[in-house]
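2 protein chains.
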Amino acid sequence: MGLKPWSMTLNPADTAFCDHLAALLPTDILCTPEARYLEEPRGRFAGIGGVLARPRTVEQVASVVRACNVARVGVVPYGGGTGLVGGQVQPERPAPVILSLERMNRVRDVRPLENVIVAEAGTILADVQSAAEAQERLFPLSLGSEGSARIGGNLATNAGGVNVLRYGNARDLCLGLEAVLPNGDIWRGLTRLRKDNTGYDLRNLLVGAEGTLGVITAAALKLFPRPSSVGTALMVVKSPEAALKLLAMARDEVGEGVSSFELLHRQGLEFVQEVLPDVRVPFEDFPEWTALIEFGLAQDANDALERVFSAGLEADLVSDGLIAQSDSQRMAFWGLREAIPQANKIVGSIASHDISLPLDELPGFISKARGALAELGPLRVNCFGHLGDGNLHFNVFPAAGRHRGEYDNIRAQVTDIVHELVYVCSGSFSAEHGLGRMKVADLERYGDPTRLAAMRAIKLALDPNGIMNPGAVLRA
Amino acid sequence: MGLKPWSMTLNPADTAFCDHLAALLPTDILCTPEARYLEEPRGRFAGIGGVLARPRTVEQVASVVRACNVARVGVVPYGGGTGLVGGQVQPERPAPVILSLERMNRVRDVRPLENVIVAEAGTILADVQSAAEAQERLFPLSLGSEGSARIGGNLATNAGGVNVLRYGNARDLCLGLEAVLPNGDIWRGLTRLRKDNTGYDLRNLLVGAEGTLGVITAAALKLFPRPSSVGTALMVVKSPEAALKLLAMARDEVGEGVSSFELLHRQGLEFVQEVLPDVRVPFEDFPEWTALIEFGLAQDANDALERVFSAGLEADLVSDGLIAQSDSQRMAFWGLREAIPQANKIVGSIASHDISLPLDELPGFISKARGALAELGPLRVNCFGHLGDGNLHFNVFPAAGRHRGEYDNIRAQVTDIVHELVYVCSGSFSAEHGLGRMKVADLERYGDPTRLAAMRAIKLALDPNGIMNPGAVLRA
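Line by line, the protein sequences are chains A and B. If you count by full-length UniProt numbering, then the first sequence holds residues 1 to 476, one letter each, in order. If you count by full-length UniProt numbering, then the second sequence holds residues 1 to 476, one letter each, in order.
Looking at chain A on its own, in the form it has when it is part of the complex:
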């Protein structure tokens, strides 16, 4: 795709540079990267190679970045490697330094009264959750890859997941950062403060910049009280529009107590049944649309779910439903939800889209997009996701019995149809996965030109040599 921003002026991490770098660091920091550092989950990008640096301290990170900046060698920050848009692998020459934060994986501090945790960037997301739980607190960021994703990567990509509706995305959970800027300077910004109005918001500039403006090395994060009563339900809804009305009812009933509101389409349930037969789908006849709803309250979450279900029946929004009666049932409902992306991967999509829409536009978008795609021929669409946030994973699959390879010639067209319609509906072509290297051209096509120019100016101001994650987010 020709994504070569600034990289024409970059130098390779060659032997001479690696020798120079090695002399600045303890002996075991640099090595040759194993294959896993050059791969990404969907297999669309393959890394060019380079040298792997695995520093243990922020000072070592700073040494690596400073040396790279002086020598104009690219730096590709690496977290858990779970990103879906190729932000973690650089396919083009010159070979970069791959900077893995895996050894900076300590929880530095937990403050239950303050509801704050301070964790290094390489801490696995699930370990942040556990450290919070050990103090009877909740760290609410939760997503499918939480067992291997690292918190620094979650922040750099502003990760979303199933609790955004209530607690916000990674950005909203971050109070402060420690980071190394492209010139190698260390920003010691690990504030635990809730309010600090002292100038430009560098924190939110680094969050979501996908490693192109610096390397996050640690973060101060918000914790929350654990709701004492958690209830989970599957409700069969008449339509996406009915689901949105049900969500409004739920929020009128329990306010912020709605932790999750996910929409599942029948296609996803069928995929799960087809390729993951061990996962139980708790419906005889698979409904076209199902909402997975979770409340977390001070008390009686299941009672509240029942009230919302009754009101939904009354208003002709829902037709059937199940409320989990035990923790194992709750886990089974969530297991079904998490099985859907796994099943998608096994079936193999022609094209996947991580989109968001204004809620008023969302139901119309779904029917328009399905209609437009139907004109291309027989396709299967699995549309599911975080309805409460207006975030759909709108993934397009081959007709039954056919293979994705047969659709190579229409892949770009499929994505164009989806993204054009998203644009017309005032939506976003990247709701939670970020741009990485996959969506750089989409940003140029659909992004506001004034904002794009401002982004370029900021990139040039903070990283004039273009060393940070070359090819991601922006090209020159």
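Take the hints with a grain of salt, since some may be wrong.
Chain copies aren't distinguished; within one or between two, either way the pair holds.
What the hints assert, rightly or not - Straight-line distance between alpha carbons at most 25 Å, and here's what the computed SDA-like set of lysine to any residue pairs gives:
#  : residue 1 : residue 2
1  : Lys245    : Ala315
2  : Lys238    : Arg111
3  : Lys245    : Asp109
4  : Lys345    : Glu39
5  : Lys368    : Ser239
6  : Lys245    : Asp316
7  : Lys368    : Glu253
8  : Lys368    : Ser63
9  : Lys368    : Arg111
10 : Lys245    : Ser229
11 : Lys245    : Glu256
12 : Lys238    : Ala304
13 : Lys368    : Asn183
14 : Lys245    : Tyr167
15 : Lys368    : Ala71
16 : Lys368    : Leu113
These aren't lab readings, by the way, just hints derived from the structure by calculation.
Keeping the supplied structure of chain A fixed, place chain B upon it in accordance with the hints.
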């Protein structure tokens, strides 16, 4: 204080420039500013004059800014004029264009299902609240000056107020912006999306930049369901530490349902009694520390307040309390809270401080700061504010019967003592008021040098001529 950033290279908005500008605009946009545009509430800064522009459209704003950029004339954005740190008035020459958004005061859109409102920057905050209320929604930003502050200024300064604990500050309530950047380009970023991961966070860069990186002309803002049961209490707490434990209890009891948790010191009640005798203080003997607590729940807020009060009694955290039994009592409790800054103003502080502390440091800070100030001689300290956010207004007054003018010689020393101690306690010298022109030197003294350098680089990248709000936030 010598705050002359970039301004040596700026030109005055002289007659020739005003003639040029007038030719680009409808006839009634430019005029000579009345005195109120050159004043600020605490009387510490007085504007140098200049020409007043009152555009009606974003295109007119863009024309003004573009012309100023070409001619290198300063632009001072003006909202409601309620800021407390001099961000809205430029005291030094050369005379700028004062750009008031007062005529861009339309609510453009309200979407109750989406929980979104779109308002122009000049909309009075109370009018945003009313427009939300008309659709049975809540816009939670609430502060003393809401009857005259304008939403664009609230966003530019990342305003706080009494509901930050639950709903966040202005930054957290903003989904999208329309803004004019320093080169006169219009960013049309009024997204209603909850999730949009498509590059650098320009929104959060403009929010809190106090008009130094561009002019906000409109915003898409979050709305919330109105809690159906609101309860308000005054509880006498043993100490600030006891108040923090009570807050943790309250959050365990009702989670996010704690809307406000304010701390009041006896000194504030005494000032109110002294200078605002019409305001009733509902205690015979004024307690040293009182918490003003508001819950907003789906039901039975007063029951929940009673449970927290009982638990607080049991744990020896509280000794007395009042739960409002009617809306008029609720309003009276809040009236007392809002009377405290009014009383402060009448009494006349030697120095005011808008600080925040990590919650674990907050009780220790209060006693240490009072001890350090006591060594200066007889002073009165009124320490009150948004305890749940760690945000205190720590204001220092003359001894009874004496006048602030007698303390001119120690004013700087008082602030140094407070801000140094804040720094040692990992706090912030500006929690919610911003930097304006008053705290530029504090940023240089206490700010992280790496972040400060990044701020300068961003300012130079987006506003190379330094036209936007010269002298605020940064100096060259």
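Quick rundown of the hints versus the structure:
1. Lys245 / Ala315: Classified as within: same-chain Cα gap 9 Å, cross-chain 43 Å, threshold 25 Å.
2. Lys238 / Arg111: between (45 Å within a copy, 22 Å between copies)
3. Lys245 / Asp109: between (42 Å within a copy, 20 Å between copies)
4. Lys345 / Glu39: Classified as within: same-chain Cα gap 16 Å, cross-chain 63 Å, threshold 25 Å.
5. Lys368 / Ser239: For Lys368 and Ser239, only the intra-copy Cα distance (14 Å) is at most 25 Å; the inter-copy one is 60 Å.
6. Lys245 / Asp316: Within one copy only: 10 Å inside a chain, 45 Å across chains, cut-off 25 Å.
7. Lys368 / Glu253: neither (32 Å within a copy, 45 Å between copies)
8. Lys368 / Ser63: neither (52 Å within a copy, 39 Å between copies)
9. Lys368 / Arg111: between (49 Å within a copy, 22 Å between copies)
10. Lys245 / Ser229: Cα proximity of Lys245 and Ser229: in one copy and across copies (24 Å, 22 Å).
11. Lys245 / Glu256: Classified as both: same-chain Cα gap 16 Å, cross-chain 23 Å, threshold 25 Å.
12. Lys238 / Ala304: Within one copy only: 21 Å inside, 37 Å across.
13. Lys368 / Asn183: neither (48 Å within a copy, 39 Å between copies)
14. Lys245 / Tyr167: both (21 Å within a copy, 23 Å between copies)
15. Lys368 / Ala71: neither (51 Å within a copy, 49 Å between copies)
16. Lys368 / Leu113: between (49 Å within a copy, 21 Å between copies)
Violated hints, listed in ascending order, are 7, 8, 13 and 15; each of the other numbered hints is respected by the structure.
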